[in-house]
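Residue numbers (the working numbering), protein chains in the order written: chain X, 128 to 280; chain F, 35 to 328.
Read the hints as simulated data drawn from the structure, not as lab findings. None of these values were measured; they are calculated from a predicted model. Possibly wrong hints are sitting among the right ones.
What the hints assert, rightly or not - With a cut-off of at most 25 Å between alpha-carbon atoms, the simulated SDA-like pairs for lysine to any residue come out as follows:
#1 F:165 - X:171
#2 F:68 - X:171
#3 F:165 - X:208
#4 F:164 - X:208
#5 F:164 - X:269
#6 X:208 - F:77
#7 X:169 - F:202
#8 X:162 - F:130
#9 F:164 - X:152
#10 X:151 - F:188
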Amino acid sequence: MLGKFLKLFNAEDVVLMDDVVQIKEFYFTLTLAQKDLLSHSKPIYIGYCLGKKKGQQFCPSICLLDFISGRYEKQVVVDAKTEWLFVCGRDIFSVTCVKGNPSEGDLVLVMNQHQECIGIASYAGNPSKKTPIKHVYDIGDYLRRERTRKLKS
Amino acid sequence: MSKHEFVKRYQHLGGDVREVKLQDSLRVSALAIKEEELLKRFKEQGVLVEKIPWTRFGYWIKSSPFSMGATTEYLRGYYYLQEAAAQLPAYVLDPRPNETVLDLCAAPGGKTTQIAHLMFNTGSLVALEKKEHRLVSLKTNLERMRVRNAAVYHMDGRDVKHLGLQFDRILLDAPCSGNYATDPAWFEKRTVKDLELSARIQRDLLSAALEVLKPNGVLVYSTCSLEPEENELNIQWVLDHYKVMIEPVRVNIGDPGLTKVFGRALDLSIAQCRRFWPHKTQTGGFFITRLRKC
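Okay, chain X solo, but in the shape it has when bound:
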C-alpha cells in the first residue's frame, strides 16, 4: 500500500523499502539501531512514521507529506479560510493558484499560503460550486483520531 502511494506521487525513491516495517496499521522506516531493537522486542511504534493504513486508504504522516511536496509538482494553493475548511474535511471551492498543470482526476497536494502541505485532493478542473476539488486526505486526521478514541473510551 505504501509503495503504491509513493508511486502515485513519483516518490518511490524517497524511502528505501528494505528499511520499511509495518506494525499493525502503521508504516515506519528504521535506522540500524532501531532494526536491532525491533529484532528482540515488540514495540508498537518505532522510528520514522511514514503513515498508516485506514481501510483501503493510505494516510501519510506529516513528515512524508513534506517529503513528497518537495517532489510532486501538481499542487493547489488555498487561502486561510479554505485551508481551515479543508482541514475540517471539506472539498475545495476556490484556490489562489494551481501548479504543475494537473488534469481532471489527478491527485493534487493542497498547500497553504506558507507553502506547507495540508493534505491531498482530487483535481476536477478549476473549482467552482458545481465542480469542487474533492477532498481525499487532510492533516486534521490527527484531531479526528483523538476524538474517535475519546468516543470509544
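Got chain X sorted already, so can you dock chain F onto it with the hints?
Then chain F, alone, in the frame of chain X:
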C-alpha cells in the same frame, strides 16, 4: 480527608491553598519551525503569547481568537500544548544526542516529544505506557511532532527490565494523586489511602528504573502532586535503599524540597529538589528531583 485538613497539612509544610487561575501554555518545537516565524504567525492571527521566563521554548497563551489545539500550525507539529511546570523535567533530565533514554510513563507524550527534540531526534528513546487507551494520543503526538528516534511499548514501567536494555538517562514522571490547582474537585476525591497506594506504586517504579539505569546515569523523578508521601518521602526511601546521590535541580522557580516532614528530619540533600506550590508559582503543583546512580 477534608479540604480543611489538607489546608492544615500544607500550612504545616510551609505551603498554603489559594485559588490559582492557571494560564494555558505551549512549547515551541524549534526542530519544526523557527521560533520567530511561529511568533510572527501568532501575531498575524491575533494570538497573544508571552514568554515563560524560566523555560527555553515555553509561552503563556494570553488570548486567542480560536482553540489553540485546532490550528494548522498545531497539526503540523510546530507547538505542543503543555502546562508550564510540566515543561521542566525534560530540561532537568538534559538528554544528549545519541544517548539511550527511557521515558517510563510516557502518554500522552508531551515530555517524550520534548526529550526527542532535545536529542535532535538521534540516539534511542524508549517510551513505555501501561494504559492502552492512552497509546493513541502518544502515537499521534509522536507522529505529529515529527519524532524519529522513539520506540513505544505497551508495557507497565515496573516490567522495564524485560526489555534487556540499560539507559543513560531515565525520566520517571510518575502517575500520582494530582493536585488541587488542576482539578477543582481534588479535595473531595482524595484520601490518605490513595496517597499511600500511589506512593507504593511510585517506589516500585523508582526501583524498576534504577535497575535499568547505567552506573553514573541520571534519573529524573517528577510528579504533579504536593503530597510529601509521593515526593520527599519517596526520595528519602530511595536514598535509604539505593546508591544514588541527589543533584541540584537547576530551575529558576519553585521552593527547595522539604527536609522536615511531619516532624521527621530527612536527608538535607533533598533540599536540592524543587517543589512548586501553585499559589507561589502560578502553575500546577509539581515536584522534581534529579538523581545520579553511584
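Hint check:
For a cut-off of 25 Å, the pair hint linking residue 165 of chain F to residue 171 of chain X stands: about 13 Å separates their Cα positions. The hinted pair formed by residue 68 of chain F and residue 171 of chain X fails the criterion: a straight-line CA distance of about 31 Å is larger than 25 Å. Under the criterion of a C-alpha separation no larger than 25 Å, the hint pairing residue 165 of chain F with residue 208 of chain X is inconsistent with the structure, at around 38 Å. At most 25 Å may separate the alpha-carbon atoms for a hinted pair to count; residue 164 of chain F and residue 208 of chain X exceed this at roughly 40 Å.
Annotation: proposed proximity of residue 164 of chain F to residue 269 of chain X holds, straight-line Cα distance about 22 Å (limit 25 Å). For the hint pairing residue 208 of chain X with residue 77 of chain F, the CA-to-CA distance comes to about 17 Å; that is within 25 Å, so the pair holds. Distance restraint check for residue 169 of chain X and residue 202 of chain F: the Cα-Cα separation of roughly 21 Å lies within the 25 Å cut-off, and the hinted pair is therefore satisfied. Using a Cα cut-off of 25 Å, the hinted pair residue 162 of chain X and residue 130 of chain F holds, with the two alpha carbons roughly 21 Å apart.
Under the criterion of a C-alpha separation no larger than 25 Å, the hint pairing residue 164 of chain F with residue 152 of chain X is consistent with the structure, at around 20 Å. Our distance criterion of 25 Å between C-alpha atoms is met by residue 151 of chain X and residue 188 of chain F, whose separation comes to about 13 Å.
Of the numbered hints stated above, those contradicted by the structure are hints 2, 3, 4, listed in ascending order.
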